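Could you put the whole structure together from the sequences, leaning on the hints where they help?
Below, each chain spelled out in residue letters.
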Amino acid sequence: MNLDLVNRLYRQLDALPIYDIHTHIRAERPFAASLADIIGYHYYTELANSAQYRAEFADETDPAQVVRQVVERLPLLSNTVQFDWLTVIGEEFLGIERRHWLTRSWSELMERAQQAIDAPDYQERVLRRSNVRRIYMTNACDETLTGYDAGLLVPCLRTDAFVFEMDKPGERDRLARASGGSLLTAADFTSALEIVFRRFHGLGMAYAAISTVPNLKTRPVSADEAQAIWERMLAGKALDDASRQAWAAFGLNAVAENCQRVGKPFHLMVGVRRGAYPAGVSGGRDLPDSVNSLAGYDYLFNQFPEVRFPTSVLAESMGLELTSSAWIRHNVYPSGHWWYLNNPVDIAREVRRRLDVVPASKLVGYYSDAYCVEFILPKFRMYKYELACALAERVERSQSHPNMGALSEDDALDLGRALLVDNPVSLFER
Amino acid sequence: MNLDLVNRLYRQLDALPIYDIHTHIRAERPFAASLADIIGYHYYTELANSAQYRAEFADETDPAQVVRQVVERLPLLSNTVQFDWLTVIGEEFLGIERRHWLTRSWSELMERAQQAIDAPDYQERVLRRSNVRRIYMTNACDETLTGYDAGLLVPCLRTDAFVFEMDKPGERDRLARASGGSLLTAADFTSALEIVFRRFHGLGMAYAAISTVPNLKTRPVSADEAQAIWERMLAGKALDDASRQAWAAFGLNAVAENCQRVGKPFHLMVGVRRGAYPAGVSGGRDLPDSVNSLAGYDYLFNQFPEVRFPTSVLAESMGLELTSSAWIRHNVYPSGHWWYLNNPVDIAREVRRRLDVVPASKLVGYYSDAYCVEFILPKFRMYKYELACALAERVERSQSHPNMGALSEDDALDLGRALLVDNPVSLFER
Amino acid sequence: MNLDLVNRLYRQLDALPIYDIHTHIRAERPFAASLADIIGYHYYTELANSAQYRAEFADETDPAQVVRQVVERLPLLSNTVQFDWLTVIGEEFLGIERRHWLTRSWSELMERAQQAIDAPDYQERVLRRSNVRRIYMTNACDETLTGYDAGLLVPCLRTDAFVFEMDKPGERDRLARASGGSLLTAADFTSALEIVFRRFHGLGMAYAAISTVPNLKTRPVSADEAQAIWERMLAGKALDDASRQAWAAFGLNAVAENCQRVGKPFHLMVGVRRGAYPAGVSGGRDLPDSVNSLAGYDYLFNQFPEVRFPTSVLAESMGLELTSSAWIRHNVYPSGHWWYLNNPVDIAREVRRRLDVVPASKLVGYYSDAYCVEFILPKFRMYKYELACALAERVERSQSHPNMGALSEDDALDLGRALLVDNPVSLFER
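Chains as they are written, first to last, in numbering that gives the first Met the number 0: chain A, 0 to 429; chain B, 0 to 429; chain C, 0 to 429.
Since the hints were derived computationally from the structure, they do not count as laboratory data.
Be a bit skeptical, because a hint or two may be false.
[Stated by the list, open to error] What follows is a set of in silico ranges between Cβ atoms, one per label pair, in the way DEER data are often shown:
| id | chain 1 | residue 1 | chain 2 | residue 2 | range |
| --- | --- | --- | --- | --- | --- |
| 1 | B | R98 | C | E71 | 50 to 60 Å |
| 2 | C | R103 | B | R273 | 46 to 56 Å |
| 3 | C | R28 | B | H23 | 28 to 38 Å |
| 4 | C | E110 | B | S407 | 52 to 62 Å |
All figures in this text were calculated on a predicted structure; none of them were measured in a lab.
Beta carbons are placed, not taken as given, at the ideal position from N, Cα and C, and that holds for glycine.
Encoded structure:
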């Protein structure tokens, strides 16, 4: 690989504004308030917990103690890309040198970070330095969503609760509150969803989103079947697996119907096993499942041809399946590199494969999944570097490949821009 | 990677004659009659449909309208390897420059192509330029198969219908016609198969072929069990899943028995979900399944030790399984890179892995799966380039690898020739 | 890739002493006694059988005939990494030149090898040349384990029989003998296990090990349920699948409890289909299953937080799952590259992925799985070369990667040393 070419391409990709199409950034507090907001991110607490376990750590609530315990374990994680993200945040935003993470005390680091964060131009500097144009949020149905910068932050409706948690009274109450009615029947549920979607549409929502359990099977579910399950849930009776799956299918259909009604995409994040490791830290208890298939989504994709489905998967074994689906299905769009697949090896493979066989206009390059703005830059850098490598390889191969026409650096950048800017804009901002 | 070395190796691989061991080329019309035969190939219609959906497109029958709609969408697909195949056909056979696909009108392209196709030496030129030595066809049991160039085209008996579609009266009728008898019992079915195989053997068949559904389980099926299912099929009753699977197992055994009797291989293409996307264009409705295993084929492989099974898979998750099976099983031969796995990323991985751990004499390099001769050249070029890269890497590594002896370019080419020429000849032409 | 850098790194990795944390080397005869012990290794007999089948070969017991038949087929396997291992053994230990394997007669090779093996300093020379510091064995519960070099060889208790074979009277007898009691109840089984673990602990055992069937589900099993199954086994009744799985879960829990009691790790090798190819040679009948998930091990990992689980998988589709589990679970340690995954392509991917996202202190680099000492060197060389490539790439990328600090060659070697020496020592030698 020609590293000069990689670097040239990277620098130009780096200059593109960031459209971060999926984050958990909060409207009311998009930036870190202390180092604990950064180093308390589950990517660090879980690695610290994994590298050197202490049972009590998962329940630690004191921010200083979280910082201390993670910082003390950083030497054990310094090989990871997650550590690299941290050093970028240190260097770019916090005035902390790379080596200091491993050599200074946790309290000194915490103070140094606080100094930077408390500077009056901190947020503006982070945004400018990151060159972030748009940040898509993850919002619950009952969020008020007022008083935020609507030019920067875009609401997206998270729908997991409707599909997987309607047996929990608390979640039903939230939906009832959000829709201003009471939920006595499955039909009430459907109406409530419609009200919520109408409200979010009014707020400028970009899309509805969901993360799903492995081996979900979408299918038609009759109103009667849904009503019977709803009654059991209202009565507080435990659901058997079949009922649970039937409701999930019913809920997914209901969400997709509303996406169709308001003309917005339905972003799928497919296949996470929640709570696989209960002793883990918050955010660090879920795992992929290598046995999972997109076959279960046939009905959903087929039944809603007008709904666009940007889709992420969580198993390496599903990479070809997602690529193939996007290759032939008009309404499936490979989206980013989710969670455990958000690492250089898996990104490198999927970027190349997608660019080889899926229309480039259908590829959504990347999202950060970040909880505060500071993480957007290092995560996008990681992706852009892999993309630069893939594009450089493409340029190089095109010089000698018997089937390819010579690809210029500008051509390659056009591809990069499509993935990073054009496609997110056309999918989510129209 | 040393690109000069890649290019030198590629040029020598490119000079090898092509044995294209699996195609859908028709004996009665092997070449394209118009641009519609080329650009109407499902690899283009499905990408066009995927990139910019129009519900009616799937039903379009007017060749000119197919050409128009695909050509209009070509800019959306110009990043794909499939587009590159098209440009090779344009440059090598049709007198159409690469850039013209994106700049000229569909009607001009169609006329230009027709001019080339209508030239008296067109077919001879395509064959010579492609350096195709042998083309294996996919033939139904009732094809007449007369009047074709038997030195170039080799019949192969497709057996999907016997295994998966005997519940369709039309398919039973074809088999009855082909075997000249009536099919009243499962024993009649078995006899009919024997007659068909005898006829195909007389026609010089190379092998029997089948594509299978995911999660098939081969097993012994008694004559009585088969007879009971046959009666239900004759009576027009719907088959439950268990009966369907039992018949599939019975049918596979029957095909394998006939392969054994006539001493020909049984080519398996494992695991395609047919009709996953019903709104897709013809040929663009099927998908892989990432949950599938070769375990279901244990019985078949074990029960027929004298039958050779060249085998392709359709899921990336099965690559190691196929490689491992060929590594220890004497009658499993990894064959080519099927359909969705026929892309540079997946070819690159599988070629290297197979060359590392499977006896080279067991590897069938590639087949085009083409519907007209024109596609053989660009598809083989794509494969040969990946093979050249893998071989170049092998030569380079051998210089410094502590376990390897120095591999010369000639040694590397011997490997390439084994995969592309020697093994296909010894498997299918003896 | 900078080959000079790869070579420099390789030479330094090669200079590290070998801790071979999983082998099948026998305490009573660690070295080959003749060429048959080397070339009769299933990696050669199975490839020979696969390349050129002869039904009787699987039953061949005459060492000379085994050597003859494999040597005659070596030209068919000369592309494989397994052949390269053999040539290393020839050059380093047996005085056989690489080319002679393909050009000399089997009897000449056998004599030449015998000459080398019979030299008085042979074993000492193999050990010194290989730079092996420690070899972990695979021991059955009833092995006497006396009279071996305890500084070199470390016992490890293999536990497959307790979990999967207690329905076999012979296996129950071995356990009874090993524990000095009779096994009338499931509680006796539990006590016997405790006695065996106590004895092995006294012998300096490093860990307990097991290879598991695909799709195992760990779960709590009550004493009553276990007792009921035990009675059926004692009575010689066939176990149904559910009972078989329940006993496996019970047995795994019992082994894990004992690991906890003696403070030793439980090494898992996950997911092999035993006996898939019954006509294969000994050791060459088992295959991976591409449909398998670590989800079935949730209970085991969660229930025994104090037990460390070094874990190998056998399916490429499980690579991300294992990596993710080690990333968040404190007691899962990715261990080596098992059997069919022990090839350059799969090692290269997994090494990079593990180094990117798992704390380096949790990675167990490699084990040879060898049956005699001679194979340790070539197998470790193969791994170390892939590791050198991965580290060289890391050094190179660090020069230009926007997130990485410059990684020196010494830093890279520290990582290599962690995987090859430090982590094995801290996991297994404390």
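Against the structure, test the hints numbered earlier, and report the numbers of the ones violated in rising order. Structure breaks hints 3 and 4.
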